[in-house]
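So the protein sequences, as listed, match chains A and B.
Just so we're aligned, residue 152 is where the first sequence starts under our numbering, counting upward by one.
Just so we're aligned, residue 3 is where the second sequence starts under our numbering, counting upward by one.
Think of the hints as simulated: they come from the structure by calculation, not from any bench.
Among the hints, a few may not be true.
Stretch by stretch, here's where chain A covers chain B in the computed footprint (C-beta under 8 angstroms, at least three residues) [claimed, not checked]:
| id | stretch |
| --- | --- |
| 1 | 62-75 |
| 2 | 82-93 |
Just the calculated beta-carbon pair ranges, DEER-fashion [as the list claims (entries may be wrong)]:
| id | chain 1 | residue 1 | chain 2 | residue 2 | range |
| --- | --- | --- | --- | --- | --- |
| 3 | A | 240 | B | 179 | 38 to 44 angstroms |
| 4 | A | 441 | B | 179 | 53 to 59 angstroms |
| 5 | A | 521 | B | 81 | 40 to 46 angstroms |
| 6 | A | 443 | B | 37 | 38 to 44 angstroms |
| 7 | B | 78 | A | 250 | 57 to 63 angstroms |
Only pairs whose alpha carbons sit at most 30 angstroms apart, straight line, appear in this in silico DSSO-like list of lysine-lysine [what the hints assert, rightly or not]:
| id | chain 1 | residue 1 | chain 2 | residue 2 |
| --- | --- | --- | --- | --- |
| 8 | A | 191 | A | 203 |
| 9 | A | 452 | B | 239 |
| 10 | B | 239 | A | 554 |
Note that beta-carbon positions come from the ideal geometry of N, C-alpha and C, so glycine has one too.
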Amino acid sequence: MLRPPLRTQAAVAVGKLASRTSQMLGRGHGTVIGGNITLKLDPGALQSLVGKRAVTVITGTNGKSTTTRLVREALGSTHKTASNRGANMPPGLIEAAADQSAQELVFEVDELYVPRVVESTRASILVLLNLSRDQLDRITEIRRVAELWRSLLTRVDWKLTVIANADDPLLVWAVGDYASVVWVSGGYRWKEDAALCPNCSRVRAVNADGTWTCECGLNRPTATWTLDATGANGPHGVTPFTLGLPGDFNRSNALVALAVAAERGIDPATAIGPIEKVVDVSGRYVTADVDGRAVRLFLAKNPASWTELLYLLSHENASVVFVLNARIADGQDTSWLWDVPFEQAAGRAVVAAGDRRLDLAYRLQLANVEHTVAESALAAIKNLPPGPVELLATYTAFHDVLKELHVEW
Amino acid sequence: MSNGDRLSIALLYPTVLGLYGDRGNASVLAHRAKARDIDGEILVVDPGTPVPEHADIYLLGGGEDIAQTTGCELLRADGGLARAHARHAVIFAVCAGMQILGTSFPADGRVVDGLGLLDIVTTPGSPRAVGELLTEAVGVDLPTMTGYENHGGRSRLGPDLKPLGRVVAGIGNGVDDGTEGAVLGHTLATYMHGPALVRNPAMADLLLGWAVGKGLPPMDEPLVDALRTERLSAVRK
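Isolated chain B, as found in the complex:
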């Protein structure tokens, strides 16, 4: 970890990119780190403050068009997230956050340049993808993933970019190849919006493992298991 024994989690612009309870991801990461005796701190980065240079995990959430555009411009001007990506820090981006990491996305009828950290081109799509999203992992070793999506984008991954999952139910990237999300090195992106890590503890542990440089001991959370079972059966019904 960059700061000795402390795991630092940077929650980027939650007032701008935090439309769907996205800050829940920071809570889940800190909670699961603590259960493994890893001290975590959540650095809330508001617009106007620099993106920290030495955080271990960077979280990017979702937002409406104007928030997405402004969030992207702020990140581009700051440059910190691109530097974090270059030094292989862990980045977890959901929904609009995923589109921002790509090369371009639509907002308010315009095409906006993304940060270009991932080879993803997002175009407007119809109908809007709204509802439960269920996927099986492709790019990483994870159990079935469950979340909720609400977006109007269709995201095509470049040939060298691996998807995070294959869609079982829902829309996901929505470009007829059945893909959902993307993985590149220690950057993980998904359309499972908001607090995606709540229902996907193994995904949280994957990010934590990348951040601390080793696998984590197993952790028993019957409540989360019950929540996952309930959501999976609700979608498969």
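Okay, chain A solo, but in the shape it has when bound:
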């Protein structure tokens, strides 16, 4: 194995020391602080640390962390694999890249940092999951992200395979006429950001079966990987599966993980076992015990993810707690609440909590959802009738809940 240059090794050593100090001071995992210091000392550290190893970059508005975890498990069935956890800008990747024993690297990457990471690591696989409205106070325009990716793909001059969601027109446009693409179709409930053709701006005609075409020539590609009720259909035939993770969106994420594994030469029959065993991802989907109540935790960040989760909850009878913050990491604008079909939450015990619980309470009121308001998530849970609870929280609210409930992640 080639060792990284001395300068990089020294920069990593100093970064690791900072990470450990930060951990000891109880300030979280310390991954970002350490990575930042390493990159300050050696701006080329990520590239040097990755070396010639195969990198899979996973991006999209929703499902990055979960898909990264599933891909890590799938590739881990045959190769030592390292991946980052949650921190998805370049400093967050350093710790995983520094693991020189790993043969495969899997990075979840923030949408805006994709070009930088893909180009500096000369990634082998780029996974594009989906693109929808999220943190628009930071990202400003969704199309700008699609343009970034489209432009990146015109510059790729090495062997890179794109694995992309055929059901998201923005991604189909972003991929453009890039030659090496594997299309995946796992179903996608959110359509609000794709009324217009991203290529020509015409109103897009969607057929009853979900396929679509546009006069300008942009069409839904035929997917190599699809889902049915029992499992995945791909070039290897049918791979039946039953996931430990809930929700249609996670079946779609598992399908993507199988496609990545196949691209890395791993048979789906081998890859699926470790994927099925995953039951939680960095605190998401964990069931915590609060005074004898089983509380299942969901991270809900934007209209598309709230929509998927409300659909999931509408098939169950548990009480629900919604926790809304609008700090910088959540996006400071709560307008999107009005894009979410909260009407589906009617008919059960509902509590609104979090910094911005008043915004949420009014949204629930106008959706005719009876509810109460509580200052904290913990208070909300304690006020509910006995029985299971589903808790949906925005990013910072979710991490506060993990802390309050002492959930390790």
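Add chain B to chain A, keeping to what the hints say.
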């Protein structure tokens, strides 16, 4: 009202011009009308369906550049919104919707002709205006207005057009005259994007009052009062 006892609210192209929960404005209007025993119906107008000729209130929301351009072209081709404006129907336009009502706006590096219903010229501006927006009313009689803005436009109002408000915090129209939004007859436009009426119930009542042709009885909503107080203090802090 145009349809007897029913108040009809036309929500124009929400799939195209509805980037920031703009449909919330229709919900607030229907809710506050119902509280005054006025039956309201929300007409969702998708691209390809004609803009209704006899709605009482027309709502126009925000969108990214290509959506704004396409939305504007669809409205121009339809002609219904211009006819509604000519017969003094109530129009409430937010963000990109406000720019569309003007004479021109920038999109994807081009200058696009607006519908020309309001004398507003919008040009690109920097930095992008993102954050809480707080204004005091100028063109109408309303209490302090609170909202969120996220736009890259600078909008200059023609000499005969009144602004909706004067900026206390935020950017607003952004042309160094401290103005925000615009009012002309029964058309009200603002950079407070998305569900602007949620935090500004008096603005919702002003639109409803115009639509029904009389003032509305007061309505007590402590939750909305608390939400307003919280937002106002967050910005003034």
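Results for each hint:
| no. | hint | in the structure |
| --- | --- | --- |
| 1 | 62-75 | holds (count 6) |
| 2 | 82-93 | violated (count 0) |
| 3 | A/240 with B/179: 38 to 44 angstroms | 39 angstroms, holds |
| 4 | A/441 with B/179: 53 to 59 angstroms | 55 angstroms, holds |
| 5 | A/521 with B/81: 40 to 46 angstroms | 44 angstroms, holds |
| 6 | A/443 with B/37: 38 to 44 angstroms | 41 angstroms, holds |
| 7 | B/78 with A/250: 57 to 63 angstroms | 58 angstroms, holds |
| 8 | A/191 with A/203 | 23 angstroms, holds |
| 9 | A/452 with B/239 | 27 angstroms, holds |
| 10 | B/239 with A/554 | 28 angstroms, holds |
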